[in-house]
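Peer 1: Make a model of the complete structure from these sequences and hints.
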Amino acid sequence: MAQPQEAYATRNPNNIRTDVLAEARQACYKARDAFYACVEKETDKKPTEIASVGLLYPSDCKASRAEFEKLCRASWVNHFDRQYCKNRRVQRLLDDKESRRGV
Amino acid sequence: MPISRFLLSCSRRHSTEALNLLRSGICRFYPIGRPKEMQSVPSKRIQFHNYCKSSKKPNGRLGNDPVMAIETQTTPRSWGTYAIPAGAILGFVGLATFIHYNDERRVTLKGQGTSSSGNIVMGPIIGGPFTLVDTENWVVTEKNLLGNWVLLCFGYTSSPDVGPEQLQIMAKALEKLDSKYNARVLPVFVTIDPQRDTPAQLRAYLKEFDPRILGLTGAVSAVRQMAQEYRVYFKKVEEEGDDYLVESSHMMYLMNPNMELARCFGVEYNADELSEAILKELKRNPIQ
Numbered sequence: 001m002a003q004p005q006e007a008y009a010t011r012n013p014n015n016i017r018t019d020v021l022a023e024a025r026q027a028c029y030k031a032r033d034a035f036y037a038c039v040e041k042e043t044d045k046k047p048t049e050i051a052s053v054g055l056l057y058p059s060d061c062k063a064s065r066a067e068f069e070k071l072c073r074a075s076w077v078n079h080f081d082r083q084y085c086k087n088r089r090v091q092r093l094l095d096d097k098e099s100r101r102g103v
Numbered sequence: 001m002p003i004s005r006f007l008l009s010c011s012r013r014h015s016t017e018a019l020n021l022l023r024s025g026i027c028r029f030y031p032i033g034r035p036k037e038m039q040s041v042p043s044k045r046i047q048f049h050n051y052c053k054s055s056k057k058p059n060g061r062l063g064n065d066p067v068m069a070i071e072t073q074t075t076p077r078s079w080g081t082y083a084i085p086a087g088a089i090l091g092f093v094g095l096a097t098f099i100h101y102n103d104e105r106r107v108t109l110k111g112q113g114t115s116s117s118g119n120i121v122m123g124p125i126i127g128g129p130f131t132l133v134d135t136e137n138w139v140v141t142e143k144n145l146l147g148n149w150v151l152l153c154f155g156y157t158s159s160p161d162v163g164p165e166q167l168q169i170m171a172k173a174l175e176k177l178d179s180k181y182n183a184r185v186l187p188v189f190v191t192i193d194p195q196r197d198t199p200a201q202l203r204a205y206l207k208e209f210d211p212r213i214l215g216l217t218g219a220v221s222a223v224r225q226m227a228q229e230y231r232v233y234f235k236k237v238e239e240e241g242d243d244y245l246v247e248s249s250h251m252m253y254l255m256n257p258n259m260e261l262a263r264c265f266g267v268e269y270n271a272d273e274l275s276e277a278i279l280k281e282l283k284r285n286p287i288q
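Protein chains in written order, with my numbering: chain A, 1 to 103; chain B, 1 to 288.
Worth flagging that the hints you see were computed from the coordinates, not collected in a lab.
All C-beta atoms in this analysis are idealised placements derived from N, C-alpha and C, irrespective of residue type, glycine included.
Only true hints are included.
Covered stretches of chain B (chain A as the covering partner; in silico rule of three or more C-beta atoms under 8 Å from a C-beta of chain A): (1) 203-214; (2) 241-253.
Residues from chain A that face chain B, not an exhaustive set, calculated with beta carbons under 7 Å: (3) I16; (4) V20; (5) A22; (6) R73; (7) A74; (8) S75; (9) W76; (10) N78; (11) H79.
Peer 2: Written out as structure tokens, the structure reads:
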């Protein structure tokens, strides 16, 4: 192994972002799951609030949404929302097969 | 007899001679005061003669021979009508021969194939030199990794879900290999987000998975060059102010001790399958 090299980063190299480490991640995942569970539970209620990337959710889940957005990074929130929408769309497509026959 | 003579003259193609003979024959053998029963015959002759005469060609040649007349009429054209199809056929045959020869030259016989090179990977040569910095700020090049089996994966610490999952699988598989089969494979994690992933960051991140994972980062250009050599796609997406995600091709590369690519694994492998597959590769190439 060669000689140690000086840090090349212009920013403070000892600044570690802890929100990607295990603890913060786990907290984020938990909040995310809680929020989506809430949305699942209240599917019959009319979605009034707007989340990001086109996800609507009922106002009952506002609290868990706030928690979710607090604990997770903004880009992660968008990513999870988008994924959730995609899954829901696929699910809807799969469930809808029964209502349409012979198509 | 005059008929036979006429036929003879026709076969010999002496057109003028034949015509004169005909004329003289008619005059000599059929004088003006001839008997009545012979009247029908000269008319035939004369008609025949007229028929022959009518076949005279405009350039003065007397074509009294119908068979030969037709042939002489088409003689100048025969060269053209035969040359073009012949040329086309020759050209086609030549092209077919060339293609066949080319195929023969390129053929590899069944059973031989690429026995010369032991590398089973077909396609672009993946891998190459790189110069990066590890978590302790030491410079690491590909020469430092020679002599070990290396499982290489690319990712970044700020990945929402895929990155940690991949690292988890990698760590578990390698641990299984180490404990059960005593096979040492060096895990290497190269970050594709070097602007945010400093060595200290990498160290903190990787410590949670497995202390043996070697984390590599470096200048943006160095990382980009290595990603290009390994055909890794990565792109910044979802820019929200300061925060962004990096989309990448999630593949793990297994390199043999000569730093040549042995295999690559996608995200569909879980820990057990991964360890099995790695073991198979290790057994196949016992280069220790």
